[in-house]
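*Asks:* Counting in full-length UniProt numbering, the sequence shown runs without a single skipped number right up to 290 at its last residue.
Source of the hints: derived by calculation from the structure; they are not laboratory data.
Don't take every hint at face value.
Said to hold, decoys possible - With a Cα cut of at most 20 Å, we get these calculated EDC-like pairs of lysine to aspartate or glutamate:
#1 LYS107 / GLU219
#2 LYS202 / GLU219
#3 LYS203 / GLU219
#4 LYS241 / ASP265
#5 LYS182 / GLU266
#6 LYS107 / GLU166
#7 LYS120 / ASP158
#8 LYS103 / GLU169
#9 LYS90 / GLU100
#10 LYS117 / GLU81
#11 LYS182 / GLU81
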Amino acid sequence: MKSLTIGTKGYLEQFKFCLEDKLEPLRQLGIEINLTEESKGNITFLGCSIHNTTISNHDYEKMAVKQIAFALATYIVDVLEKPLLEKNIKSFYSTLSEKEQNKLYIKSLEIIKQKNKVFKRDETIKTNIAEKLIDYFDKQWQINIEGFIRFRLQDYMDSLLEIIKEAQEELNIEKEYNDFIKLLRYFVDIQEPKINEAHLMKKGAKYLVLGDNYEVITEENYGDINGCDGIISCLVTYAPKKILIHIKDFYFDDEVLTTVNSIFDEKVVLCLGCNHCAESVDTSEEIKKT
C-alpha cells in the first residue's frame, strides 16, 4: 500500500473533481483508492491510500501514481492557470490600470487558446508536469501543490510570463493601429472630396480603385506587401463622399476590405452584385494621376 498526501490552498471541489475523474478507471480495474480530507489553516490535505484487490503484482501502485500525477497536472493547467496569470499580471504589470490589466488578461487567454488550436499546448504542458510529478512521487509521498508550482515548475511559470509579454506586445500593436486609423479618419473628415464616388474592386490578381465613371484611378497587385497601403493612400487622397465596394471576389477577412471599412465607416456601401462586378476592367489605359 502507498499513501500520498496532497495539499492545496483553494479550489477544493475542482481539485477533487480532477482527482476522481482520473481515479475512476483504476477503481474499475479493481484498484481501491480511499480519499481522506483534513484542513490545517488555509490548506486542505487530501490523503490518497492506494490498495489492490485483484492485481497480483505491484504495478497497480505505478498505475495509481501516474493517474494521480495527471490529475494534478490537469488541475494546475485547467484550474490554477487563470489565477496564476492574474497574479503575474498584477505583480509584473502593476503600473497598468485595472482596466488595462483586464485587457492584458483577456488577450493572454486568447493567445493560449490559439496555441491550443495550433500546437495542442495544454496537453503538452500537462504531460510535462505529470512526468515531473511522477519523478517527485518516487521520493516524496507528500506534496503542496502551490509549493510544487513555485519551486519545481519554474519553466512553466516562465512560459506564462512569456504569454503575458506576447499579449502586451499584441495590445501595443493594436493600439498603434487604432491610433493610426483615427488619424486617417480625421484626415478624411477635414478633406474636401475630390470625387463623389469611388469603386473598390478585386479583379483577378489586382485591387482596383475606380472613379465616378468607372475610370481606373489606381491598381495594386494582390499579395503585394504594399498593396493595401497603396489602395488606402489613394482613397484617403481622393476622400470620396461614398465608397462602393464590389465584394464579389474579396475574401471576408481581406486586409484591404477591413481597413477601408475601419477608416471610411458610414461612407462605405457594399455591392453584392451588379453589371460592373461581372465585367472585365480595362487597365491598359493610363491610370489617372493623384
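*Asks:* Hint by hint, note whether the structure agrees.
*Replies:* Here is how each hint holds up against the structure:
no.	hint	verdict
1	LYS107 / GLU219	violated (36 Å)
2	LYS202 / GLU219	holds (9 Å)
3	LYS203 / GLU219	holds (10 Å)
4	LYS241 / ASP265	holds (11 Å)
5	LYS182 / GLU266	holds (14 Å)
6	LYS107 / GLU166	holds (9 Å)
7	LYS120 / ASP158	holds (18 Å)
8	LYS103 / GLU169	holds (12 Å)
9	LYS90 / GLU100	holds (11 Å)
10	LYS117 / GLU81	holds (17 Å)
11	LYS182 / GLU81	violated (36 Å)
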